[in-house]
Amino acid sequence: MNAVLVFQEIERSFKRGKPVLNGVSFAVQQGEVTGLLGRNGAGKTTLIRIAMGMLFPHSGRVRVFGLSPTEDPVAVKRRVGYVAEDQVLPPASTLAELIALHRYLFPQWDEGLERQLADRFALDRNARIRDLSKGQARQAALLCAVCHRPELLILDEPAGGLDPAARREFLETSIQLLNREGAAILFSSHHMNDVERLGGRVVLLDGGKVRLDRDLDALREEHCVAMVPRAAVTDAEVLEGVAGCLRARPVFDEWHAVFQGTPEMVGARLHQALGLEQIRCVRVPLEELFVELLGSERLVEAR
Amino acid sequence: MQLIIHPADELPIYRQIMRQITEAIAGGRLKPGEKLPSHRDLSEELVIAPLTVKKAYDELEALGYIETQRGRGTFVCERPPRQDRAQQLAPVRETARKLLAQAYLAGMRLPEVVEVLRQADREITAGPAKQKEHV
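Protein sequence lines, in the order shown, are assigned to chains A and B.
Counting with this note's numbering, you get residues 1 to 303 for the letters of the first sequence.
Counting with this note's numbering, you get residues 1 to 135 for the letters of the second sequence.
Worth flagging that the hints you see were computed from the coordinates, not collected in a lab.
All values reported here derive from a predicted model rather than from experimental measurement.
Beta carbons are placed, not taken as given, at the ideal position from N, Cα and C, and that holds for glycine.
Misleading hints may appear alongside valid ones.
Some chain A residues near chain B, calculated using beta-carbon distances under 8 Å [unchecked claim]:
1) R168
2) E172
3) T173
4) E196
5) L198
6) G199
7) G200
8) D217
9) I279
10) R283
Now the stretches of chain B that chain A is said to cover, found in silico as 3 or more residues with beta-carbon under 8 Å [to be verified]:
11) 25 to 37
12) 59 to 66
13) 82 to 88
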């Protein structure tokens, strides 16, 4: 397998002693789709900006197609498409001017794909950027990011702030590009349904590190949440001490514990380790898994 | 054949596709030799990654329900794996007991359970009802 993007032990902080990224390592292979997840402030955008050469890491190394994005920015950007969360497009220029600029910058620009996307999004080329709706501006940014047929597409929160219809159109286009171009995609998102649809692999950032890095289907099938009555164990650490437990937190009158393993395995393990009987263990969608892994404690006393 | 997927379902998307295709074959909605949509078409229709469709098809192929003919597409096998009737009787009975236990604990009676089975039969043989669409 060929890695198109490699992060090695990336560290970066904005305030001294408070690293946002504290040793992040993973690689994205050719044609692979990777969803970058994490709570607000987990460092997703910081990591993406480091990949784009817009920020230096304080330590560690990033390589895009084997090159440094800060030392070889032109060679890297020629092969990468990027849509930022708050894309800053020149507000006074028209869409036609913006597209002409990109066509000029990228020799391998595909005018057929450009026309197809402009028609599909029903973009008015004479419209000024500042007059576009948020959804249209994002579509214009996507058009500019993909018509040079990048081998790696980096999307930072592509659906952020879009209405459900615009989000779906964006997703449909991404899927089409995946089908036709076979580009690798790294995208950050808070929309777990979109992550499930785009599939592939999930990298979860938490506390400056990679908390989870798994194939999405494996993550869904080989993890479950056990619901243990509050009275059955004294505190979360007891559950977290059971083999395979990733996290336990109190939720009203129960403990919710995320385990690696199938519900049957986890039920047996809880019985063996703590003598608990008839514990409900269920597989859950990605959204629930995310909440159970990263959500705060919900104590009955707090009410 | 119409497939419906729910990203937030308990089953991953490729498993949802596998289940619906298996049900369609079991219920006769997909006939032996019938052609399935390509990875690309189904991926664009359902708005899911092409690799997810491929994974579902690969697993169904490994189970012997469908086969890919190079350059022609993917088809329902002429002879899908028939499970031995006598051998399957015990697990079907077991499932029936579980079903009844669950239904009786929920306060249902046998005729209601039979009605549930009839409805499931209609769904498997005629396709899922679009009950939620006309709200």
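Quiz prompt | Within 8 Å of chain A (C-beta), three or more residues of the region 82 to 88 of chain B | solution = It is violated: at least three residues are needed, and the region 82 to 88 of chain B offers just 0 whose Cβ sits closer than 8 Å to chain A.
Quiz item: If you take the shortest Cβ to Cβ gap from L198 of chain A to chain B, is it below 8 Å?
Solution: holds, 5 Å
Practice problem: Identify whether the interface hint at E196 of chain A stands, where standing means a beta carbon of chain B within less than 8 Å of its own. | Solution: holds, 4 Å
Quiz prompt | Interface hint outcome for G200 of chain A [beta carbon to chain B under 8 Å] | solution = holds, 6 Å
Self-check item: Agreement of hint I279 of chain A with chain B interface, Cβ distance less than 8 Å
Solution: Cβ of I279 of chain A sits 18 Å from chain B, so the hint is violated.
Quiz prompt | D217 of chain A as an interface hint toward chain B, with CB separation required under 8 Å | solution = At 5 Å from the nearest chain B Cβ, D217 of chain A passes the 8 Å test, so the hint holds.
Quiz item: Residue count check for the region 59 to 66 of chain B against chain A: does it reach three with CB-CB under 8 Å?
Solution: Result for this restraint: violated, n = 0.
Quiz item: Should the hint that R168 of chain A touches chain B count as held when the rule is a Cβ pair under 8 Å?
Solution: holds, 7 Å
Practice problem: Have a go at the G199 of chain A hint: is there a Cβ in chain B nearer than 8 Å to its own Cβ? | Solution: G199 of chain A check passes; min Cβ-Cβ to chain B is 4 Å, inside 8 Å.
Quiz item: Are E172 of chain A and chain B close enough, Cβ to Cβ, to be under 8 Å, as the hint says?
Solution: Where the cut-off is 8 Å and the nearest Cβ of chain B is about 5 Å from E172 of chain A, the hint holds.
Quiz item: For the region 25 to 37 of chain B, does the count of residues with a C-beta closer than 8 Å to a C-beta of chain A reach 3?
Solution: violated (count 0)
Practice problem: May I ask you to test the interface hint for R283 of chain A with respect to chain B, counting a Cβ-Cβ separation under 8 Å as satisfied? | Solution: holds, 5 Å
Of the numbered hints listed earlier, those contradicted by the structure are 3, 9, 11, 12 and 13.
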